[in-house]
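S.K.: Read off the chains here:
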Amino acid sequence: LKQEAEATVGVPDEDVRLMLAFRAGDAAAFETLFDRWSGPLLRYLARMLRDLATAEELVQEAFLRVYRARDRYEPEARFSTWLYRIATNLALNELRRPRQRALWRSAAYDEGEAPLAADAPALDDVVDARRRGEAVWRALAELPEKQRAALCLSALEGLSYAEVAVALEVTEKAVKSLVHRARSTLAARLAGEGES
Amino acid sequence: MVPPSEICRHFEEDLSALLDQELPAEREAELRAHLDACPSCRRQLERLCDADLALASLPVPGPATDLPARMRARLAAEGAAPARQAAAPRRAAPARRQRPARVLAWASLAASLLLAATFLLRSTEPSTQAPRVARESAPPAGEGSRVAPPPTGTPQEPLVARAPAAAGSREQPAARRPPAPRAPDAGTALVAEAPVAPEPATAPLEGLADEDLALLLSLDELEDYDVVANLDLLERVVAKGPRPGAG
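Chain order of the listed sequences is X and F. Here the first sequence stands for residues 1 to 196, numbered as in the numbering used here. Here the second sequence stands for residues 1 to 247, numbered as in the numbering used here.
Next comes chain F alone, as it looks inside the complex (with noise of 0.2 Å):
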């Protein structure tokens, strides 16, 4: 007859592969069997399964809300432009120049108050944004899959420059997915559909001084839609702040 203390040792390495549900169907029943008849891998069982919770208690903060853009960047360097200059060279952001300290600061104060007034319209106003396909963020749950990342969107450009619209592409409308239901506060999809969004109120900003234009269109923070959305306060701010070069 086998000793005890070696039928424990038969199923130590199933002891994990159980709370995994990586044992066959026949294993487990000889495993749950054992189970019942020795306190000693039920209590071994209970603290692996305390390990686990232990590690999955551990706090991972979530990605930073700049990641995406760090991605573009990224991507930039590898030569994929981002698609908004592609698609609306007349709104690209200029090379990036040395600005004074008081330029900074003006342009951080019109970059909180856009941002915070976006927050704002986004929250209460969803339907006035410009048109945008929202993408399915869930994965989906196929068979045998155990995986089920959260949804992580948040309102960025494009990652990658839209591929032109080859004569011969596979791509067709009727390939891309409704849009999905999002949360609340998720926020607008990380893409933005070719072609872009219509800029029907743009016109405002045309009175800007080229050089305030430049600098907001330069703020990676801002996007085409959210200034377009707060022109009234784009306006203000830019009425009220220190004009780029002035003084």
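Just chain X, with the same shape it has in the complex (with noise of 0.2 Å):
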């Protein structure tokens, strides 16, 4: 399996050798890449929904997926990719619904605060760090689908800009174009709120 993950991919991946172990009827294979990949899918969904319990819920799905096409996989590239890829058509057709553009535009996000520890910063400062966090929550909100993906898989997620064109099914040239304008127009909006 090792090798056959190696051929077809091209680098060591040991996620495409756990998924053609489960594949081949290794039932544990399955929850170990659960449990490797769960967390950081439901970090890129929550950031692309602003929602955790859909994003849970689209965690949940994503692996659904794979379980459903673990007889037809075949490794075509790393399995991380194709997750992403999964993942990211998932939350595009989540963001089409009407209930979810209303939950990013509303400024109604759980950010699941820790409680303040002994040398918790002063009022002020994290009266001002929410400030900063919604402003980047809003300026996250008001890109364009596509380029807020790009940004996350790319920035945040440390997806390659291959890999990231496998994600959104679109060319490597495309998501440096994509990167950059989800980042400049991130940055002009920060920027302005900086200054206001």
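These aren't lab readings, by the way, just hints derived from the structure by calculation. Cβ atoms here follow ideal geometry from the backbone N, Cα and C, with glycine treated the same way. One should not assume that every hint holds.
Claimed, not checked - Covered by chain F, according to a simulated footprint, are these stretches of chain X (three or more residues, beta-carbon under 8 Å): (1) 34 to 40; (2) 56 to 70; (3) 180 to 186.
Said to hold, decoys possible - Residues of chain X placed beyond 12 Å of chain F at every Cβ, according to the derived structure: (4) I86; (5) L92; (6) N93; (7) V127; (8) E134; (9) A191.
Quick one: dock chain against chain with the hints and give me the complex.
M.R.: What follows is the structure in structure tokens.
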């Protein structure tokens, strides 16, 4: 399986080996894949959707699709690229729903704040940080969805442009452009927030 | 001669690609040379970098602790029965039923106490747990891989039933990886390898009323080894708690 994974993907990919093992009947391999990737996938989807509950639903849906596709799985890319492609399609579909759009426009996102520690920053700093965070969420929300996905996958999840291209089903050149437009728009909006 | 603004435009998208380490070496050298001479592009590069930092600072809560359980439920609905039912039918949870509020309160108390005790036991006596195979939790640092998801393991039941060891199965024990070191607070592996852990301390549980046992085993939060490792406490809870259906 390891050799098959290397031969098809071109680089050693433990996840591909696990997926091939799952295809061959090793149920534990699926659990390991879920264990390794549910957290990163949730982080990505939460940033894409700004809705943790829906992000968790989509993580399950993505892995359900992996489960269903096990028999016809062929390792043509890294497992993670395939998984992010599934998740991105789910997220883009979800973002087309009116409810999700409304959520993005509202500012009611539970940021899951940690309790204040003994050496917690002063209240003003906390308020400032929260305001800054809200400005970032707002700027992210205003990005076109594909730009948002490209930037999150590249800058936050560490996918290469080639991998983002597979996940978004566009060319690498388009990814370079999407990422740059997203990043420069975000930078300009945040600079504007800072000045106001 | 090309005006400076044209040169800047020429390199515009490359600024992002530089941050993402996506530029070919030759192009990167050209851009760096331009940056040395262009304060405007240097400022823009700083702004782009700040945008990345701001984005990375957005707080995103970790997965809910019951995410594996919910995944398991969806897989079960797909037809992949949990391994515990397949491997240890004697202890399989009975079908859920409507419970009176008092029973739920009792069950909640028992679960809370057991989970607290389990946490303490795991913290102090990890080696006393039933044997399980710890799975490698960190992805490989493969060549060219920039993806490094953190381990997110939580103690849960297996997600998918083990495939029966069919003749000619390609799964060999040698293919299993040795247990990887885990952080002390990382809990136990999600996966309990088949065959299921031996049950040396289940005898006292058999003295419980069937109704009590059924209730305990039907709580999603409890795992076999948790119950086994906390028999004394469990017995006390059961002895003090109201019996389902009593009164």
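S.K.: For every hint, state whether the structure bears it out.
M.R.: A quick look at each hint next to the structure:
{"no.": "1", "hint": "34 to 40", "result": "holds (count 7)"}
{"no.": "2", "hint": "56 to 70", "result": "holds (count 7)"}
{"no.": "3", "hint": "180 to 186", "result": "holds (count 4)"}
{"no.": "4", "hint": "I86", "result": "15 Å, holds"}
{"no.": "5", "hint": "L92", "result": "19 Å, holds"}
{"no.": "6", "hint": "N93", "result": "18 Å, holds"}
{"no.": "7", "hint": "V127", "result": "15 Å, holds"}
{"no.": "8", "hint": "E134", "result": "10 Å, violated"}
{"no.": "9", "hint": "A191", "result": "6 Å, violated"}
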